[in-house]
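Below, each chain spelled out in residue letters.
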Amino acid sequence: MSLKNKVAIVGADETDQIGIVPDMTPIMMHAQAARNALRDAGIDKSEVDAVFTCGIGGMASVQLCEYLGIIPHFTDNTMTGGSSFEIHVEHAAAAINAGLCNVALITHGETGFSSRNRRGPRPSYGFDSSLPAAQFEMPFGVGGPPSTYSMAAMRHMHEYGTTSEHLAEIAVATRKWAQLNPRAMMRDPLTIEDVLSSRWIAYPFHIYDCCLVTDAGGAVVVVGAERAREFKKKPVWVLGTGEASTHQSLLGMPDLTQTPARYSGKAAFEMAGVSHDDIDVVQVYDSFTYTALVTIEELGFCKKGEGGPFLSNQRTAPGGDFPMNTNGGGLSYTHPGMYGMFLLVEAVRQLRGECGPRQVPGAKLACVNATGGLLSATGTLILGSD
Amino acid sequence: MRRVRRRQFFDATPPSRYVEVHVAEYAKPLPWPSPETRPFWDACKRHALSLPYCRSCEAFFFYPRQFCPRCFSWDIEWRDCSGRGVIYTFAIQYRPQMPGFTPPYVTAIVQLDEGPRLLTNIVGIEPSPETIRCDMPVEVTWEDVNEEITLPLFRPVGAEAAAS
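Chains as they are written, first to last, in the numbering used here: chain A, 20 to 405; chain B, 87 to 250.
Mixed in with the good hints, there may be bad ones.
A few chain B residues that face chain A, going by a derived Cβ cut-off under 7 angstroms, partial list only [as the list claims (entries may be wrong)]:
#1 F153
#2 T175
#3 Q183
#4 L205
#5 T206
Beyond 12 angstroms from chain A on every Cβ pair, some chain B residues (computed) [what the hints assert, rightly or not]:
#6 H133
#7 S142
#8 C154
#9 W160
These are computed hints drawn from the structure, not numbers from a lab.
Yeah, the Cβ is synthetic: ideal placement off N, Cα and C, and Gly gets one too.
Based on the provided sequences and hints, a complete structural model is requested.
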């Protein structure tokens, strides 16, 4: 049984403000994004009977439903970091298709920037000191994403000849998209030379290889196919879904140059029954330039190891023949911590033709892939419009 | 030397463990040897790199588990390794990613001659993109942190012992 064409995204939006939003907390952002996405669809909150979320305490959906005043028939707190929301779409499709719910609300909200300065009790790191990373990685100064992704990228550079210039191409092309998006945080011109001469964060990553840290929230609304045309906007069909995870710790990574996108991507493309050449616009996670590069390889858009040359010559920039991360990405648009929601919202906007100066002409088919953890867990969606 | 009881950095569970550390000298996170990893850390105290070995696969694996992650055999033993290997990958951290670390410092995955890979720091070498390469031969060197914990660090083969 396939989930192809069984559900559609009928509402998608973000918080009113993204970037640096010191007067909002994460749960305020969840709620405001939910209101905006429901308004986008023209659905009343009272119709929501399923809630999918993570990142607000240990019982995220329970907390959010209390806050919003929703008594759900179905909830899902799947937490796979930045890829959670793509995976929520798959789970929502399964639940709706099984008749367990009708209107699924998927929400995100984080204040990655402003939380750094807040007082009050802080949640722990979330690590159990007996787990592998706490015993065998953190004592050596490895923990934050720059410290782990950098070592994966270095191995890719060593095995396949990927260069700093290849990575810089992605930062520059993504910035060009951001320059077309008034909501993007970073819109100044950026050149390859700027990237290569910028300071190191974690060699081989320059600062422009690393994503932003911002405040932002987003939400989408998913309904079954039979209801999809009732709402204000044209439906964005879920044609293919896939999820996979391969490791949590760096030492547990089966191959440092791979990601589970090879599994989630294969599943999504097979379900959708489309080929890579059919895809009009690609939204992939860019926590680092390298994340996007390796994901494009793992999804099968090019041969393994050839992501650098494949994405070079500003091929992914506006006007290029491989439009990628058209909102400006986590590198230049926004990145509150778990960026996957924004890949999803941008894909919906592109497929609806709502993107103004950055609209990819005639975009009908999108590939979305999000990555969570340390290249640990991915969700892939193939989305399409009529 | 001033000694205090100090809660370990990552403290969620198991319930509060206290270890003796010399706070003035050592502020980095310390491992908590769990029942299945205790032989590794005990061996480190005697400056030996002892890793779990699967008697079914006839191969080492790491990190330590009660069973072999390849074949799910629970027939494992501990064997000492040579302490020699090569840098499988590395990065130079220009921002402290954990408390107590002074950048720049080198994080690396070392592939031991016997096969398994460990995450570690490379010491005894200038932390610079010009000096460090993948496949560089390295050997273990020991940092005795306290009575319970000795950390295995690695240095280029032939370098002076210079644990930071």
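Comparing the hints with the structure gives:
1. Proximity of F153(B) to chain A is violated relative to the hint, the smallest CB-CB distance being about 14 angstroms (cut-off 7 angstroms).
2. Hint status for T175(B): holds, given a least beta-carbon distance of 4 angstroms to chain A, under 7 angstroms.
3. Nearest Cβ of chain A to the Cβ of Q183(B): about 4 angstroms, under the 7 angstroms cut. The hint holds.
4. Satisfaction of the interface hint for L205(B) is found here, the shortest Cβ-Cβ separation to chain A being roughly 5 angstroms, below the 7 angstroms cut-off.
5. Nearest Cβ of chain A to the Cβ of T206(B): about 6 angstroms, under the 7 angstroms cut. The hint holds.
6. Non-interface status of H133(B) relative to chain A is upheld: no Cβ of that chain comes within 12 angstroms, the nearest being about 17 angstroms off.
7. Its beta-carbon lying about 20 angstroms from the closest one in chain A, S142(B) satisfies the requirement of being farther than 12 angstroms from that chain.
8. Even its closest Cβ contact with chain A, about 14 angstroms, leaves C154(B) beyond 12 angstroms, as expected for a residue assigned away from the interface.
9. The non-interface label for W160(B) is consistent with chain A: the shortest C-beta to C-beta separation is roughly 18 angstroms, beyond 12 angstroms.
In this structure, the one hint that does not hold is number 1.
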